[in-house]
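Trainee: Read top to bottom, the protein sequences are chains A and B. Heads up: the first sequence begins at 1 in the numbering used here, then just goes up one per residue. Heads up: the second sequence begins at 1 in the numbering used here, then just goes up one per residue.
Everything labelled a hint here was simulated from the structure, so no lab data went into it. All residues carry an ideal CB built from backbone N, CA and C; glycine is no exception. Incorrect hints may appear among the rest.
As the list claims (entries may be wrong) - Heads up, simulated DSSO-like pairs for lysine-lysine below, C-alpha to C-alpha not over 30 Å straight-line:
| # | chain 1 | residue 1 | chain 2 | residue 2 |
| --- | --- | --- | --- | --- |
| 1 | B | K65 | A | K91 |
| 2 | B | K176 | B | K36 |
| 3 | A | K5 | A | K91 |
| 4 | A | K63 | A | K5 |
| 5 | A | K91 | A | K8 |
| 6 | B | K179 | A | K203 |
| 7 | B | K179 | B | K33 |
| 8 | B | K36 | B | K179 |
| 9 | B | K176 | A | K206 |
| 10 | A | K8 | B | K179 |
| 11 | B | K65 | B | K171 |
| 12 | B | K36 | B | K99 |
As the list claims (entries may be wrong) - Chain A is nowhere near these chain B residues, computed Cβ spacing over 12 Å in every case:
| # | residue |
| --- | --- |
| 13 | G2 |
| 14 | T3 |
| 15 | K21 |
| 16 | I97 |
| 17 | N143 |
| 18 | A191 |
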Amino acid sequence: MMKNKYGKIAMDGLIFNNPTFMLVLGTCPTLGLISSASSAAGMGLTVVVILTLSNILISAFRKIIPNEVRIPAYIVIIATLVTLARMVMQKFIPDLYDSLGGFLALIVVNCIILGRAEAFANKHTVLESAVDGLSTGLGFTAALTIMGVVCEFLGSGSLFGAKIMDFSIGLFATPAGSFIIYGLSIALFTYVLGTITRYRRVKSLKLSRENLLDGGALAEASAPAAPAAAEIKEAE
Amino acid sequence: MGTFIAIILAAVLTNNFITVKTYGICPFLGVSKNTKSALGMGVAVTVVMAIAVAVTYPVYNYLMKIPSLSWWDFQFLEIIVFIFIIASLVQMLEAIIRKLSPSLYNAMGIYLPLITTNCAVLGVCELVIGDMSGIIGSGFVMNFGWAVLYALFSGIGFTLVMLIMSGLREKLNCCKVGKSLAGFPISMITASFICMAFMVFTYIV
Chain A
1 MMKNKYGKIA MDGLIFNNPT FMLVLGTCPT LGLISSASSA AGMGLTVVVI
51 LTLSNILISA FRKIIPNEVR IPAYIVIIAT LVTLARMVMQ KFIPDLYDSL
101 GGFLALIVVN CIILGRAEAF ANKHTVLESA VDGLSTGLGF TAALTIMGVV
151 CEFLGSGSLF GAKIMDFSIG LFATPAGSFI IYGLSIALFT YVLGTITRYR
201 RVKSLKLSRE NLLDGGALAE ASAPAAPAAA EIKEAE
Chain B
1 MGTFIAIILA AVLTNNFITV KTYGICPFLG VSKNTKSALG MGVAVTVVMA
51 IAVAVTYPVY NYLMKIPSLS WWDFQFLEII VFIFIIASLV QMLEAIIRKL
101 SPSLYNAMGI YLPLITTNCA VLGVCELVIG DMSGIIGSGF VMNFGWAVLY
151 ALFSGIGFTL VMLIMSGLRE KLNCCKVGKS LAGFPISMIT ASFICMAFMV
201 FTYIV
């Protein structure tokens, strides 16, 4: 039962409430960085770390922070984490720091992080919030990496910076191409998810009808028993 | 004069916030359903961007680092300081507008709380304190006046794209769109055509 709860949180974050495809949050870094798969993946992983830590901290402090000033308090926590992440990345992974550019500082105003703090972390326990932050962040990373691979392949014929084919469509290296890829990805994702949900609903409907039939058969079988019970009652 | 025109062209056309830098996409997709709300949002963002840069630029350059005091260097705290300044500025602006002009508050006040978490405002504050010679031309030296001018015209460029998008979306309401393409996907594909149109300016200027 406990495992099931965390599994549900994780599935929500990864697929059913995927921040990129279902909620369409954090669009600025998505559109700005998917023309290169490695910077898209780097952005995703940075968000995973910051989102998990901010969810843990906000959930731990949720009883201390007064309700009226919760948004400024969340913003200060997130801004501190982003400042720390920025320093660590500048020191240890300067390549990624350069490729993310201005979007690294803009993680502070990323709607996903504030959104999860407001919608989840201030109502749930530390462990649940950590699972939620991790899975939402990984959902974001997966979406960005998939779109980044497609966009980089079409835009420059390479994969994570390694040249594999000698062709390029210049459009996909610009924001115009990112917009097209993002729009079509959302359409494809909602279509596939809609089809799966419909299929599962039909299946469960069939199952419940069979159950009903079984139940009906049982009811018929137990029908003769009912008069017997009535007879016993009368006898009493 | 040359720098003046170069900054305006860079801010409005060649480095437009939405179509080239992809900052501020949330209000661009969220509040562009009709022209009136797009204009309100655009004007609100422009005003906040200009005032935010007018406050954060001197704070960053003259308050957070004092050259005569070698130990006084807090420029690494820029993100925390900037977001705090922007958040309090937006609150203050909302209170002032509500007091002075209720009709203006009705037109654009409702968009003000959304602006705190808008990438474009923090983005322009971060941009003007960094190296801008790649955008405007080599040998360009930033000062307070240029910074505010750049922020103001970036906001105007933002408003321009918001207006174009809202017009297209009003037309889009009359079209039949496939079920899974309706909503965000078709808006993004529309936005992609605006981006293509703005790409042309990169070659002209």
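Trainee: A separate judgement is required for each hint: does it hold in the structure or not?
Mentor: Hint check results:
Taking the CA atoms of K65(B) and K91(A), the gap is near 21 Å; set against the 30 Å cutoff, the hint holds. Of the supplied pair hints, the one linking K176(B) and K36(B) holds, its CA atoms being roughly 24 Å apart against a limit of 30 Å. The suggested pairing of K5(A) with K91(A) is violated, with an alpha-carbon distance near 39 Å, which exceeds 30 Å. A C-alpha spacing of about 23 Å is found between K63(A) and K5(A), which places the hinted pair at or below 30 Å, so the restraint holds.
With a C-alpha separation of about 38 Å, the suggested pairing of K91(A) with K8(A) is violated against the 30 Å cut-off. With a C-alpha separation of about 23 Å, the suggested pair K179(B) and K203(A) falls inside the 30 Å cut-off, and the hint holds. The hinted pair formed by K179(B) and K33(B) meets the criterion: a straight-line CA distance of about 19 Å does not exceed 30 Å. Only pairs whose Cα atoms come within 30 Å are accepted, and K36(B) paired with K179(B) is accepted, the gap being roughly 27 Å.
In summary, the hint linking K176(B) to K206(A) is not supported, as the alpha carbons are separated by about 34 Å, beyond the 30 Å threshold. Taking the CA atoms of K8(A) and K179(B), the gap is about 28 Å. The hint holds against a cut of 30 Å. Among the hinted pairs, K65(B) with K171(B) is inconsistent with the structure: their alpha-carbon atoms are about 51 Å apart, more than 30 Å. Simply put, K36(B) and K99(B) have alpha-carbon atoms about 23 Å apart, close enough for the 30 Å limit, and the pair holds.
Distance check for G2(B) against chain A: the nearest CB is about 26 Å away, which clears 12 Å, and the non-interface claim stands. For T3(B), the shortest C-beta to C-beta distance to chain A comes to about 22 Å, beyond the 12 Å cut-off, and the non-interface label holds. A cut-off of 12 Å between C-beta atoms contradicts the statement that K21(B) is not in contact with chain A; the least separation is 7 Å. Every Cβ of chain A is farther than 12 Å from the Cβ of I97(B); the closest lies at roughly 20 Å, confirming the non-interface assignment.
Separation of N143(B) from chain A is adequate, the least Cβ-Cβ distance of about 21 Å exceeding the 12 Å criterion. With a least CB separation of 5 Å from chain A, A191(B) falls inside the 12 Å interface cut-off, contrary to its annotation.
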